[in-house]
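J.: Produce the complete structure using the sequences and hints provided.
Protein chains in written order, with this note's numbering: chain A, 1 to 188; chain B, 189 to 346.
Simulated from the structure, these hints should not be mistaken for lab results.
Warning: the hint list may mix true and false statements.
Unchecked claim - With a straight-line cut-off of 27 Å between C-alpha atoms, the simulated DSS-like cross-links for lysine-lysine are: (1) A:Lys-124 x A:Lys-136; (2) B:Lys-281 x A:Lys-66; (3) A:Lys-136 x A:Lys-66; (4) A:Lys-66 x B:Lys-318; (5) A:Lys-124 x A:Lys-66.
Stated by the list, open to error - Not the full set, but computed from the structure, chain A residues with beta-carbon under 7 Å of chain B: (6) Val-34; (7) Ala-45; (8) Met-46; (9) Ile-55; (10) Val-59; (11) Pro-170.
Here a beta-carbon is modelled for each residue, glycine too, at the ideal position from N, C-alpha and C.
Chain by chain, the residues run as shown.
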Amino acid sequence: MSLLAFFGWLGDTAWSTGLHESQYAYSIIESVHVWTMAFFFGLVAMFDLRLLGWIMRDVPLSEVLKRLLPLTIIAFVIMVITGSLLFYAIPLRSFQNIFFRFKMILLIIAGLNVWLFHSRVYPKLTGTEVDAIPPKRARMAGAISLTLWMCIIVSGRMIAYNWFDCDRQPQTAIVNFLTSCYPDLGNP
Amino acid sequence: MSLLPLFNWFYATTVGETIRNSTWLFPAIEAIHLLGLGLVAGSVLLVDLRLLGVGLSRQPPVQLWDNVRPLLIGGIVLMFLTGTPLFLSESIKALYSFAFWIKMTCLLLVLIFTFTYRRAVIHDGVSAEKPNVAKLTAIISLALWFGVAWGGRWIGFS
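T.: Below, the structure is given as structure tokens:
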């Protein structure tokens, strides 16, 4: 079964349709997703700005990391759960949405950045961690993280728009390629 | 006195009309509005969580407040600059939207609260002697900001 067929099938399941057509459930889940985003991105931004040495230079970096990381992890888990539910409510359309695909790619890169920072960059900061302005590698990680999360939020917001959707033809060949859309064959 | 003529005038402004006639202007401005939300949320949360004894609880609240105050003000200015054109483009809808009025009421209250009572509590250093006052302050601040965020999201659903 192709992914297109699978997500088409998933969207036809009773729970998916029920969620999609619900009067309040979808809106509430979407709101929780946005509010948790504000919580998550807000604290991540505070950490990244500290990493850049723009704020809280009088607070040790290790302290900011240790105290804020658990909170951001909790928020991230809630975002993954609510985000998955939102996808489950409208699977095929989301899967073929160009902004959704862009967001997922950026999320993977952001995940790599988190992994690189915690495995390669941060452990080597011992001794200099109380420095007001961390070394360049750490500042780079902060700038990359901040940029990535901003792009993720913007592309997430844009999923709501159907400008490049498969059922809005004609689209250019490149758009149809990027959205796995085959207008000649009809939708799966 | 009816607000309709005023809101009609808002609706007819060049800015409002330009945004309505564009496909991408509203989403683009709204995306920046959303980034401003993140900035405001982060700088509010850092201090309110501290008042609740969560997060950076080893630093006195006033130290955190001094650090994030420019970010908070910058975030509020960014949200105001992006929120105003969004409002102009759909002021008639806003006029009849319950969520919009909830948002504006909470916004007014939270701005006054933040720069008067909350600021005084942070500067008094009461979190050590009167932790309950500090916690209550944080809860009021978070509840009002949540009202702003709830209204903001719900304007779009109505």
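J.: Run every hint past the structure and note whether it holds.
T.: Status of the hints after comparison with the structure:
no.: 1; hint: A:Lys-124 x A:Lys-136; result: 12 Å, holds
no.: 2; hint: B:Lys-281 x A:Lys-66; result: 45 Å, violated
no.: 3; hint: A:Lys-136 x A:Lys-66; result: 21 Å, holds
no.: 4; hint: A:Lys-66 x B:Lys-318; result: 26 Å, holds
no.: 5; hint: A:Lys-124 x A:Lys-66; result: 16 Å, holds
no.: 6; hint: Val-34; result: 6 Å, holds
no.: 7; hint: Ala-45; result: 5 Å, holds
no.: 8; hint: Met-46; result: 5 Å, holds
no.: 9; hint: Ile-55; result: 5 Å, holds
no.: 10; hint: Val-59; result: 6 Å, holds
no.: 11; hint: Pro-170; result: 17 Å, violated
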